[in-house]
Every structure is written in C-alpha cells, then in structure tokens.
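*Asks:* My request is simple: use the sequences and hints to build the entire structure.
This is what each chain is made of:
Protein chains: 2
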Amino acid sequence: MIIVLGSAGYVGSKFVNYFHTLGQEVFGVGRSEVDYTNIPSLRNWLKSKNPRFVVNAAGYTGKPNVDACELAKAECLSGNAVLPGIIREVCEDLKIPWGHISSGCIYSGRRTDGVGWKEEDEPNFSFRSPPCSFYSGSKALGEEVLEGAENCYIWRLRIPFNEDKNPRNYLQKLLNYDSLLEAENSVSHLEEFVQKCVECLEKEVEPGIYNMTNPGSVFTRQVTQWFREEGVTDKQFQFFEDEEQFMTKAAKTPRSNCVLDTTKAKKAGIGMRPVEEAMRESMQKMVKGAAV
Amino acid sequence: MIIVLGSAGYVGSKFVNYFHTLGQEVFGVGRSEVDYTNIPSLRNWLKSKNPRFVVNAAGYTGKPNVDACELAKAECLSGNAVLPGIIREVCEDLKIPWGHISSGCIYSGRRTDGVGWKEEDEPNFSFRSPPCSFYSGSKALGEEVLEGAENCYIWRLRIPFNEDKNPRNYLQKLLNYDSLLEAENSVSHLEEFVQKCVECLEKEVEPGIYNMTNPGSVFTRQVTQWFREEGVTDKQFQFFEDEEQFMTKAAKTPRSNCVLDTTKAKKAGIGMRPVEEAMRESMQKMVKGAAV
Numbered sequence: 025m026i027i028v029l030g031s032a033g034y035v036g037s038k039f040v041n042y043f044h045t046l047g048q049e050v051f052g053v054g055r056s057e058v059d060y061t062n063i064p065s066l067r068n069w070l071k072s073k074n075p076r077f078v079v080n081a082a083g084y085t086g087k088p089n090v091d092a093c094e095l096a097k098a099e100c101l102s103g104n105a106v107l108p109g110i111i112r113e114v115c116e117d118l119k120i121p122w123g124h125i126s127s128g129c130i131y132s133g134r135r136t137d138g139v140g141w142k143e144e145d146e147p148n149f150s151f152r153s154p155p156c157s158f159y160s161g162s163k164a165l166g167e168e169v170l171e172g173a174e175n176c177y178i179w180r181l182r183i184p185f186n187e188d189k190n191p192r193n194y195l196q197k198l199l200n201y202d203s204l205l206e207a208e209n210s211v212s213h214l215e216e217f218v219q220k221c222v223e224c225l226e227k228e229v230e231p232g233i234y235n236m237t238n239p240g241s242v243f244t245r246q247v248t249q250w251f252r253e254e255g256v257t258d259k260q261f262q263f264f265e266d267e268e269q270f271m272t273k274a275a276k277t278p279r280s281n282c283v284l285d286t287t288k289a290k291k292a293g294i295g296m297r298p299v300e301e302a303m304r305e306s307m308q309k310m311v312k313g314a315a316v
Numbered sequence: 025m026i027i028v029l030g031s032a033g034y035v036g037s038k039f040v041n042y043f044h045t046l047g048q049e050v051f052g053v054g055r056s057e058v059d060y061t062n063i064p065s066l067r068n069w070l071k072s073k074n075p076r077f078v079v080n081a082a083g084y085t086g087k088p089n090v091d092a093c094e095l096a097k098a099e100c101l102s103g104n105a106v107l108p109g110i111i112r113e114v115c116e117d118l119k120i121p122w123g124h125i126s127s128g129c130i131y132s133g134r135r136t137d138g139v140g141w142k143e144e145d146e147p148n149f150s151f152r153s154p155p156c157s158f159y160s161g162s163k164a165l166g167e168e169v170l171e172g173a174e175n176c177y178i179w180r181l182r183i184p185f186n187e188d189k190n191p192r193n194y195l196q197k198l199l200n201y202d203s204l205l206e207a208e209n210s211v212s213h214l215e216e217f218v219q220k221c222v223e224c225l226e227k228e229v230e231p232g233i234y235n236m237t238n239p240g241s242v243f244t245r246q247v248t249q250w251f252r253e254e255g256v257t258d259k260q261f262q263f264f265e266d267e268e269q270f271m272t273k274a275a276k277t278p279r280s281n282c283v284l285d286t287t288k289a290k291k292a293g294i295g296m297r298p299v300e301e302a303m304r305e306s307m308q309k310m311v312k313g314a315a316v
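Residue numbers (this note's numbering), protein chains in the order written: chain A, 25 to 316; chain B, 25 to 316.
Hints are computed from structural coordinates only; laboratory data are not their basis. All the given hints hold, so there is nothing to weed out.
To list a few chain B residues with every Cβ distance to chain A over 12 Å, as calculated:
hint: 1; residue: MET25
hint: 2; residue: GLU174
hint: 3; residue: SER203
hint: 4; residue: GLU223
hint: 5; residue: GLU228
hint: 6; residue: SER241
hint: 7; residue: ARG245
hint: 8; residue: GLU254
hint: 9; residue: PHE261
hint: 10; residue: LYS273
hint: 11; residue: GLY293
hint: 12; residue: PRO298
hint: 13; residue: VAL311
Below, in silico cross-link-like pairs of lysine to any residue (SDA-like), each with a Cα-Cα straight-line distance of 20 Å or less:
hint: 14; chain 1: B; residue 1: LYS87; chain 2: A; residue 2: GLU113
hint: 15; chain 1: B; residue 1: LYS276; chain 2: A; residue 2: GLU171
hint: 16; chain 1: B; residue 1: LYS119; chain 2: A; residue 2: ALA96
hint: 17; chain 1: A; residue 1: LYS291; chain 2: A; residue 2: GLY232
hint: 18; chain 1: A; residue 1: LYS119; chain 2: B; residue 2: ALA96
hint: 19; chain 1: A; residue 1: LYS276; chain 2: B; residue 2: GLU171
hint: 20; chain 1: B; residue 1: LYS142; chain 2: B; residue 2: LYS290
hint: 21; chain 1: A; residue 1: LYS276; chain 2: B; residue 2: GLY172
hint: 22; chain 1: A; residue 1: LYS87; chain 2: B; residue 2: GLU113
hint: 23; chain 1: A; residue 1: LYS276; chain 2: A; residue 2: ALA92
hint: 24; chain 1: B; residue 1: LYS142; chain 2: B; residue 2: LYS291
hint: 25; chain 1: A; residue 1: LYS288; chain 2: A; residue 2: GLU226
hint: 26; chain 1: B; residue 1: LYS276; chain 2: A; residue 2: GLY172
Where is the CB? At the ideal position from N, CA and C, for every residue including glycine.
*Replies:* Right, here's the structure in full:
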C-alpha cells in the first residue's frame, strides 16, 4: 500500500488519482484524520498501515498566494520545514522509503554560467541567501532538514500547470490576473510531474533530489502568445513595467523566478517532455474542455 | 496563577522557584504533561487554567551544546521558531499576556559604531545574515514569528551564569573545558535575569523586546583572572590560538560572541547589576559552597 499525506491538496490529490489509475492500493489522509505533525502518532499509524511507500504532499503554500505566508510564519515553518523532519525520523525508523514534494522556488534566475540550477547547487533564494519570501525560506530549510535522509526522494515541483480550472494552475493564474510580470521560469506539468515521481518507485531510481520540471523554460510573454495561437483567448494581456512596479502594486514579498537544470532526472530515466509541447497540449485541452 | 511552559529546564525551573519565593501561585509544565505544541490542546488547557501570565521557557538548546542542533534541525525549528508562534496565537486569542525567553545569540560582535546591539537592530548572526549556527538561526526566526505580537515580552537571555554546579552554567563550562576561546560577551546572571523578567509584570513594563544581560561585557581571560582572584581555582587555563583553531578542534558550528546594549531595560526600571559585580558574587558563592 502507498500512503499520501496531504491528499486533499492540489498536488496530493493528483498522486492519489494516479496510484488509483495504476490499480495500486493507495490511502490518502489529511491532518484532521491523522496527526502526522506528532512523531508518536505518525509512527503508530504508519506501523499499523505498513505502507511500502509514503508521499509527503502536505505543506503550507499560502492562499491565495505566497504573500499569505508572511502572516502565518509559524504554520509555514511547521508545514514546510518541521514536518519533513518528522516524517524523515519516522520513515527512517520504520525503514519506509518515501518522497517529499519540494520546490524549485528556492532559486532565483540562472547560474552565473548561464545554465539552470542543478540539484547540488546551494539555494540562492532562501533565508541563508536573501532576499527571499518566507515561503521560499521555509522550503529551503525543509531541504536542509532532509540532508542525508535515507531512502528519500526530494522532488522539486515548480509552478504547476495543466488544463484544470483550478486557481493554483499557472495557466489559470495568467488568465485571471489583471497584469502580468515578464519573467523566465521552469515549470512543471502537474500530471506528468506526478507520473515521473511515481516512476521512481518502479524504476528503483536512486534516492535524492530531483528537479522535476519540463526541460527548458518559458517567458510570460511567450505563454500569452501561445494562448492566442492555441485559441485559448484573444485577450490583450497587460504587463507590469518591471519587477519594481510589480512589487509595489501587486506583491508583498519577492517572488522566485528561476530556471532549473533537468539533466539528472533525464539520466535517471524520469525526464519530462519539453515544456512547449506540454504547455501547448494543456492549452489545447483547455480549448476542447471549454467547447464541450 | 502564573503558568511556566518548559518548567523542568535550566531557565524554566528558576522561574517556577522565583514565583514560589514571591508566594505566587505558579504551575509549571513540560511537554509530556501538556502538548503545548498543538494549538487546540494548548488553548483548551490554558482556558481551563485561566492564568494571568504565561512564561515560555520551553525551547530546544541542544545537549551538550549548540552543535547538537545541527543534527536535530526539525526539533530545533519546532521548539524555537514554531512553538512561539503557537503560544502567540493562543495567548492573543485568550488575551493572556506572556513572556518568551529569547537569546542574544542572534548577534555577533558589536555594532559598527562600537556600541552593543540594541533591541531594534536586525540580527546579524541568523539565517538571513549568515554565517550562523542552526540554533541561532532558529531563535532569530522565533523573534520574527513574534513580530507585532500583542502583550508579549521577548526577554533576551545570554550565556546564563550563577554559582550552580550545572553543566549549563557558563562558569562551570569554563572550569570544565580543556581549552577556552578568548572572546567578548554580554552575559546574564540567571536568577537576576528571572527576577527582572518577573518585575515586568509588577511594574507593568511596556511589552516588547528587552536585552536582559548584566550591563557591560566580559572577556574570557578576564573571567579566568577573576576565578584566581576570588579563589575559585588556580588552574592555568589553556586558550585556543584563535577562532579558526577553535572551529577546527572543538566546534562544528560557529558560536555567537556578542555585546548587547541594556539601556532599554534600565530605562524601563528592570536593569541588572554591572556584570563584574554579579559575576564576582557568583564566584564567591562557589567558593563558599565548595567549603561547606
């Protein structure tokens, strides 16, 4: 059996669905059902279930966006930095392999040599390398807490997108915002992210950190151009003049915009599709869905 | 009634004792008795007790020293950064004034203008201002979590000392170590720290951050000289050549050595004795205690 912690969330629910699709027994829980923030209760519960794998999709993201984390710092640290340590302790004790959903938002920009950030690069958008948002800081601490963890995958998701009418879908966000910020980012097709994470189990991929984004990157203006080309919208998108105007008018805390290198995932046999292919397909599904 | 969280610890037990001495009703608990890391259980318990004040002396310090925190990062964040946020939420909700034991170890050295660090200065030995130990980083995050907290005292303790034969007593540490690091520090006489914190309640001192150290600072070599002058020991103390040798031979993570400014506490009427007076008195008591 597989256990998914945080199974009601945007990411956790996709893991539950995908394991169902594969015909695998999966048990998803939220914190109200099992107090996984408490070591003894998590240990007792996992012992009784004896899962062959645990997915930690629980975390604190802030609603409607990361600005909310600045006002809920304790919850943010608890969910993103302490919880991974609790799960690590229990899973190592019970010898259960597990995977943690981390984030690429612990980086900003590209490496000075122009390539994307690799798994072993120190975060440059974290408490230890300011500036950062409290959210990014807490996610980087979460990875620090997992340093040296046994039988643990750290899967870095980055700005999930698909065809869903979900406010956390990057494409929906772009369609809903009044003004956009031009920036370059690596992004993850959510269902493909989940599929490739799960392949780690079947393919017995070596545990460790993996940048799980679609290879390449997108610029915001490029995405709005694809929206028009794919017939999603003919809206004329407004853009902020620059990041300063964005910070003054729309954001309380700085945002990570970054490019990740995906070579490690590719070599491990869990590489994802090129970003343009994945994103245009999502747009085509949006158009079909709207036409039905 | 007064409640002390973390009452079995080196600092918490002194608060309990002192309230007893004052003839005040005090109820001390540890985490095994009341799960104060859980918001609903802390809220229900505090509601049933209806205390007029809460002291948070719970925290994660690492044993035998802060190096241990590097191997227990989740516990360290949980105890020092998340817990203050939980207590804040519950105490604000129930309108209970409270005090949190913070630390001066979020600073290093002196301000560039040569004076000690003041309460409003940004920490310079924290995750946001590296390098730092994981312990100091977590304590600085704890203060960040308490930013803007209502009816909350943040009392910064720094290297507690007294005449106790306790391994956490700074004077005992100096006597026990094989080699010492020459450094300048502000330090707190523990019982006086507790007494002055408690005076905040009676004197209705304005809530906020207070550097609760004995005015002035001590150099390690000076303290060893006082040891000889007061007849505590005639031991010839060995010193590390420099901080680099100390880091290579004795420490895993950098230590804070810093001087705090105590003007704010003095103005508020809760100032402590000059450091030399307090420290020599502790040494005299050590000698008397040993002679008994």
